[in-house]
Amino acid sequence: MNQNDLIEFENEIANIYEKGIIRAPIHLRSGNESQLIDIFKNIKKEDYVYSTWASHLHSLLKGVPINVVKDAILEGRSITLNFPEHNVYSSAIVGGTPSIAVGTAYALKRQRKSGRVYCFLGDMGFHTGIAYESIKYSVGHDLPITFVVEDNGKSVGTPTFNTWHIDTYYIYELMCKMAHGSKDVRIEYYKYESKYPHAGTGTFVEF
Amino acid sequence: MKYIDEVQKGMDLLGSHPKSIFIGQAVEYKGTALTHQVKNFHPEKLLELPVAEEFQAGFAIGLALEGYLPVSLYPRMNFIILAVNQIINHLDKWEAMSVGKSKPKVIMKAVVGSAHPLDPGHQHKANYTEAFKSMSTNIDVVELIYPHQVFDAYQRALDTDKSTLIIEHGDMYK
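Heads up: the protein sequence lines correspond to chains F and P, in order. Start counting the first sequence at 1; every next residue gets the next number (my numbering). Start counting the second sequence at 208; every next residue gets the next number (my numbering).
Just chain F, same shape as in the assembly (with noise of 0.2 Å):
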């Protein structure tokens, strides 16, 4: 999928939403396009895709029919979008997959499998005590696993900055200097900006 695709399908979901037809919160992303198409061409099919609660555009990007991901929106699950069958899981709790994409990139390494596990926080879940925990394990075990920090400076509505007072990016080459002897983990970073807000589309029911 390209840019447009993406695009154009979270603006299909956004007017879809304010129809009243979905009847849960959606979260949608825009601005960070680009980089994800980037990241995703790196992933492979058997790879594994741990995701937050604005899943859409990884899951489209891991190979899941377009089809498939605008159904299980359409049934009130964006928040949680889970696709067993292309390793594609998320969750709606902060913080909620780095232990467990963990977990499944040891099981992947003791059985010498090729898989690789990628792991998206975004900025507030990446601050969290369980992602550092995460990260800190990956290297020492040099496990096959990719972090990928998605900052867009805020959680919900609260600016990350203005209640850590540190700056994500900081964490981030602190997190890069604890990741440099080893072979296999990788820590990526993006910043972006949305034009959604957290839940919904600003127009239509608050989440």
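Read the hints as simulated data drawn from the structure, not as lab findings. Any given hint might turn out to be false.
Stated by the list, open to error - With the C-beta cut set under 8 Å, the calculated list includes, among others, these residues of chain F facing chain P:
(1) Pro84
(2) Ile93
(3) Gly96
(4) Val102
(5) Leu108
(6) Ser134
(7) Tyr190
Computed from a prediction, not measured in an experiment: that's the story for all the values here. Built from N, CA and C at the ideal position, the CB exists for glycine as well.
With chain F fixed as given, assemble chain P onto it according to the hints.
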């Protein structure tokens, strides 16, 4: 019939499963009563983890998704409270979140700390069985009080496709 003998039979049963792996604190190294229960297993079945209870619970789910049967050990029930996010918000909800397509199976064991002959005080001997039963929808929560309950509970935990939290009493190990 002694409680601890039945526990050992149950642990040996889990240890005989080809994909079981015992994770937690003091499984590879001495430290708690649970160490004795795994000491005869092949070293490859044992994985010592850092003291990071939530991480341990999530790690177990990740192992299960790749085909392992994790047996996640918490030597004091007070400490499993730190793992509730992964146990209740994730493991317990996983099947529903994936519309029945994915059902990682984890066997967890927590021990209510013994109070005799040494009383460890307020933070090491709590029994939160009823709280876990109340929070869990899809995890079998089984408290083992009598010796005759023990082996059947382990057998059920192994046979079922559900995750199970086994709760034992340290005072019964004697």
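Each hint, compared with the structure:
1. Pro84: holds (4 Å)
2. Ile93: holds (5 Å)
3. Gly96: holds (6 Å)
4. Val102: Nearest chain P Cβ about 6 Å off; hint holds.
5. Leu108: Where the cut-off is 8 Å and the nearest Cβ of chain P is about 6 Å from Leu108(F), the hint holds.
6. Ser134: Holds, because the Cβ-Cβ distance from Ser134(F) to chain P comes to roughly 7 Å (cut-off 8 Å).
7. Tyr190: It is violated, given that the least Cβ distance between Tyr190(F) and chain P is near 24 Å, above 8 Å.
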